[in-house]
Each structure stands twice: as structure tokens, then as C-alpha cells.
Amino acid sequence: MVLCIWYASLIVFGGAVFALPNRNHEIVRGIDNESTCTSAKCVEFAKTVKSALAPNYLTVDPCVDFSKYACDGWRQTHTVPSGSPVIDMFSIMEANNEKILRSILDGDFVKETAFPKSDRVIAHRNFDKMKMAYNSCMDEAAIRKAGVIPLRALLDEFESVYPAKVDVSGTNSSSSNQELTNLLIWLAQRSTPTFINSVISPDIKNPQAAIFITNVDHGIPGSYYDNATIMANYTDTLVQMYRIVGGQEKSQTGSGNSSSRYVEKAKKVIELERQVIKASNDTEPDQLDTLAELDKVIPQISISKLFKAQAPAGYTIVTINGKMAYLKRLSTILRSTSREVLHAYFQTSIIRTFAPRLDKMYYQPLTQFRNVTGDDFYMPPAERWQVCLAEIQDNLDYILGSVFVERVFSPEAKALGDGIVDSILKSLASRLDALDWMTNSTKIIAKQKLAAIVSNLGYQTSNPNVIDAAEIQAFYKNITVTTSYFNNAVAFSKSQAKKTWDALLTNDLWDLSRMRITSATAFYARNDHRIVIPAGIMQVPMFSPDLPEYISYGGLGSIIGHELSHAVDAGAQEVSANGTSTRWWDNTTTTNYEKKASCFVKQYATYTFPNEQGGPENVNGELTMDENIADAGGISASYDAWKIRRKTGRNDKLPGLEAFTAEQLFFLGSEGGSNT
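Mapping of the sequence shown onto full-length UniProt numbering: position 78 corresponds to residue 78, and the numbering continues sequentially without gaps.
Mixed in with the good hints there might be a few duds.
Stated by the list, open to error - In the DSS-like style, the derived pairs of lysine-lysine whose C-alpha atoms are separated by at most 27 angstroms in a straight line are: (1) K278 to K305; (2) K328 to K447; (3) K308 to K296; (4) K145 to K165; (5) K131 to K267; (6) K41 to K145; (7) K426 to K643; (8) K129 to K494; (9) K268 to K328; (10) K205 to K41; (11) K278 to K328; (12) K129 to K111; (13) K145 to K360.
Said to hold, decoys possible - Label-pair distances were calculated between CB atoms; the ranges are: (14) Q287 to N618: 38 to 44 angstroms; (15) S259 to Q178: 33 to 39 angstroms; (16) S336 to P163: 20 to 26 angstroms; (17) L505 to V43: 36 to 42 angstroms; (18) S259 to L505: 49 to 55 angstroms; (19) P616 to A141: 33 to 39 angstroms; (20) S331 to V121: 53 to 59 angstroms; (21) Q178 to G419: 54 to 60 angstroms; (22) N135 to G571: 42 to 48 angstroms; (23) R243 to K477: 36 to 42 angstroms.
These are computed hints drawn from the structure, not numbers from a lab. Small disclaimer: the values here were computed from a predicted structure and weren't measured. We put the CB at the ideal spot given by N, CA and C, even for glycine.
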């Protein structure tokens, strides 16, 4: 939300805290430190701030249109890139971070580092492992030369686990419980989706119930199965993929045209997918079940063996959220499904999962199908280095992140960032005392929640510690990287499946999504009760230990304040500090809050933004209320924290911006993340 709205919100909640330069550009209040920073970074940053201002900012009243005052210059020099839905400072930072990551992957190992725990010999080995994986992805000639052989080899392995058996009468034999269970284990260990998939995530109502059976996902929305045109395209896509795989298709009777058999095979697979999707996608409430209870409802599969085989050694599964009703329906489907169709269904899932690791000519039918259905509408065709960067980020991100931290971060940045978080937490706790709508008993719990927040700032320090090369090496020890791009993909799929289940032993289940160190974003994880601020967002123009501190407090501090406020806002009123479902707001607090919040709803409903037709459309104040309040509360908390910090912190002037006060530059600094 643009800062004109933030600023207006501050007025609503107690009056403006500053006044910007008047039209004669007089200094309203001097900066504590009268010296001017003349370092290269200060000079460059000052140019950025000034260029973002409206060209005629001296004639613009910021109290009437702060957005125009602070952002019009930026808007006039930035256009939305082709294929992107929006451009803002965050997307620009992401693009800049991508350039840094590409230079790391294209470059050589650098021996020097400011982080003492990084053993350079081990760090070099880690780098070489990542580099080999990246180069295997970039070597399109080798991928093309390998052809479809790697996928056929994987399908041969699948065939050995679950062969397409034919008995003496020429009909398909059935699948035993043991055989089908072993296959599902084999597929799960390679991150290949089937009709029984699981996620590891604690239940907010029962944190011990960490295993969920999820709805089935065949890579396309369930509604597509009712669209005849899309299904015709999908059938043709599968036929083309079967034809590419080629040698794996064998006629059960030894007769028949291969193309017609492929069509028949595709139709049977799609029909099974349709039945499974229909059985899976319902509103069945979460229910805790024992493995023995689930075994009884689906005799074709041993749920006990399936999940115990994936769970780490030493972990005892007590109950899971098992979707018992779905498993009952699945059992009915399996009773009427031949082995031939099951074999084709699993084979298709393998092809769909791993074909993108072949040369693009071999998975072009899948790409064309996605284009026809309109999936990934905003995603332009990625350059190869972007594909390979994503591959590394998905699978060896801590190695890449460790080098990124060494290149763009510093112990000084870490110390300043930690200080900002601590000071804003204190500011928020202090601001609670002034709230007339929150009862004293609720304030006590709110302060306890703030005190219990875990801060992950800059980079991960455990499991693994990103600045400890030995920990990173141990984290990826089970991944063997070679020059084969396809084989690396299989190795990565095995590693990801194992690490997902190993999280059951770490008591850190909410952290499964992991903190991508290079992301230009920040978030508060409500059920994990932690704030995540990656090094990727701790960059200019949001943050820098080399700039006056009002810039970092105004930019990153406002974002941190926004996220921390979510720990005690209306959206978190039913989540305790340990992640369980516990309502800690009392009725009086809720009633008073709703009365106060209605002012925000009305205020924001008066603002407009350009719709798809280019005309004005009013903001939905009700829908955006929580975020709007977090914006106002976050910037206010950061401002209060900085006012205390300014007594001892660095607040010198910026060259060319001497007419602005420190307070004014704080808010212009917070404008950096709001340029759109």
C-alpha cells in the first residue's frame, strides 16, 4: 500500500508525527548530526531518493498527496516488464539478487570471508558440489545427447518394482497389498505424486498430529476433468509423451497399433485420475486416526508400512490426519481397477514428474498443454540460467545462500538488523499500554507473545547454520552430485522426500518451507510464532549499515514492524505463542477492536487504484483491513523505536538532501518499499 495511505493512517490514529519541507523548501527541523555523509554509498542512495521524488515536488503538498510527492519520479522512470503483472521495489530487489546469484554460479570460489566459522576447505567442496549441479543443468548439449535414455532407465527401475504382469491367460494379474505398498513407498521416496500423498505439518489444534494425507494433485486443476476440450488436449499430450518414451510400451497381447494403444492407455489413465480427484476433493474435516484404523478401510494398501517406511528411525507414529472417508472411496476405486491401468497411472506420474529433466524437445507436449490451459500465465519463457538457478535454490539452497551472505551481508548488518527487531518489539510492547480498546488481561498475554517471538534474521543459524561450512556439508551429505542433470534430479527428489520426513525429529515442523536467504521478502509465521527476515531484503534501498540509521528503520524497520504487529493483531487472536489454537482475546477486546477498525475500513474504501480497464476502482477496506492496520502500526512502531535509537545512532545528513530533517528522511526511506 502506498505511503500516502500509511501517512493518512498515522493522522487518523493520533495526528501527523512530522511535517515535510514547505513549498519554499525551508528546513523545518535540523538533523541532530549536522555533518553530511559523503561516502560513495550515501551519495548513490541520496540520488536514488531524490530521483524518486516528483519532479515538481516543491509544488506538491505531501499532506494532500504523499504518494505523488514521494513516488512520482520513480513511476516516471519505471515500467512494468513484459510478462510481469507488476513492478515494485521488491521485484527490482529480487531481480538484483538474481544477478548476484548468477554471478556466483557462473564464477569461481572466493577464499576470503568475514564470517569466522566458515572452514574454507570445506566451503570450497560445498561450492564445487553446487557448481557441478549447476553446470550439469546448463550443459544443454549433454542433456540433448542423453536423449530419453535416463527416463527410460528410471522407468525400467519402476518396472522391476511393479511389473506389468500378464498371466498365462493373457489377462492382467492383480496387485497384492505388499506389492502395491512397496511401489507407493518407492514413488514417495522419489517425490512422485500418486493417489496417497502426505505432508508433514503440525495441526494447530493438535501439534503432535504432524502427518496429513492430502488431496490428490495430478498437476492440473480438478475442474479441468469436466472440460471436454481440455481433456482432449490432455489425452493428446499423454499420447505424445508415451510415444516419446517409446520402448516402455508393450502390448499385453502382442497385437494392435501402438498409436491406438497409446490413446486407449491415456483415456484409461485420465479416467482413473478423474475418479481419484472426485473422491479426494471434498470438505472432509480433519480427523485423527491410528494407522491400524486406516489399514482396515483400504485393504489393498498397508498404510502402516507406507508411512513407517518414510518416517525417520526412532520416530513413532501415533496418529495421523488420515482422510479416512477418502481412503474408503479409494479402496472402492482400486477394487475395480485393473493392474494394467494402475501400472499406466504410476508410469504416467513418473513421466510427468521427471520428463522436464530431459531436453526440452522431449517434454514439449507437457509445455504446450500448460500453455493451452493458461497455467503460469504471467511467467515468460525462462532463460536457461534462470531454470538452473531455480534448480539450485530448490535443492542446494544453503550452499548458494552461504555464498550470497558472504558477498552481500556482514556481521555489522546482522547486528544492526537484530537491534532493529529488538527495539521494535520493545516499541510494540510499550504501545500496547496506550491502547484503550484492549483490556489489561489481554495486554499481558500480548506482551508475552511479543516476548516469545523467534527472530530468523539474515540467515539460518541451525539445521544448518548457513555460515558454518561443516554443517552445510553434513546437511547435504546424502546427495551425490554428478555430471548427469537427470540423475541429479532423481538424487534431489530422494533427498527432499527424506528431509521432509526427518523434520519429525527436529521439533521444527513449521520451518519445513525453509527460509530462502536470497528472497526480498519478510514474513511472520503465525503458527510458528517467528519472524523471518532474509538477507535478500536487507539490501539498499531498504537497509544498509553504511547509511544513516533512519533509512534502515524507515525502510526495513517499517516492514519488520508490520510483520511483528501480526503477532498480536485480530488475525492472531486465536493462536497462542506455541502455535496451538487458543483464543486469548477476550470479548471486550474484540468488540472494542471492531469499533475502532471500522474507521480504517471507511478510510481505505475512499482510496482508488487503476483497474484492468484503466479506470479508478475503490479499495475494499474490509478485505484489506488487517494489512492496512499492520502498515500503520508497523511504521509507527518503527518510528518510535528509531526516536529512541537516534540518541546514540548514526543520523548524519545525505548529500543533496540537506533540506530534509531526519524525521522526513525516515518516512522517505519507508517510501522505498512502496514504490509501485
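Numbers of unmet hints, in rising order: Per hint list: 2, 4, 5, 6, 10, 17, 19 violated.
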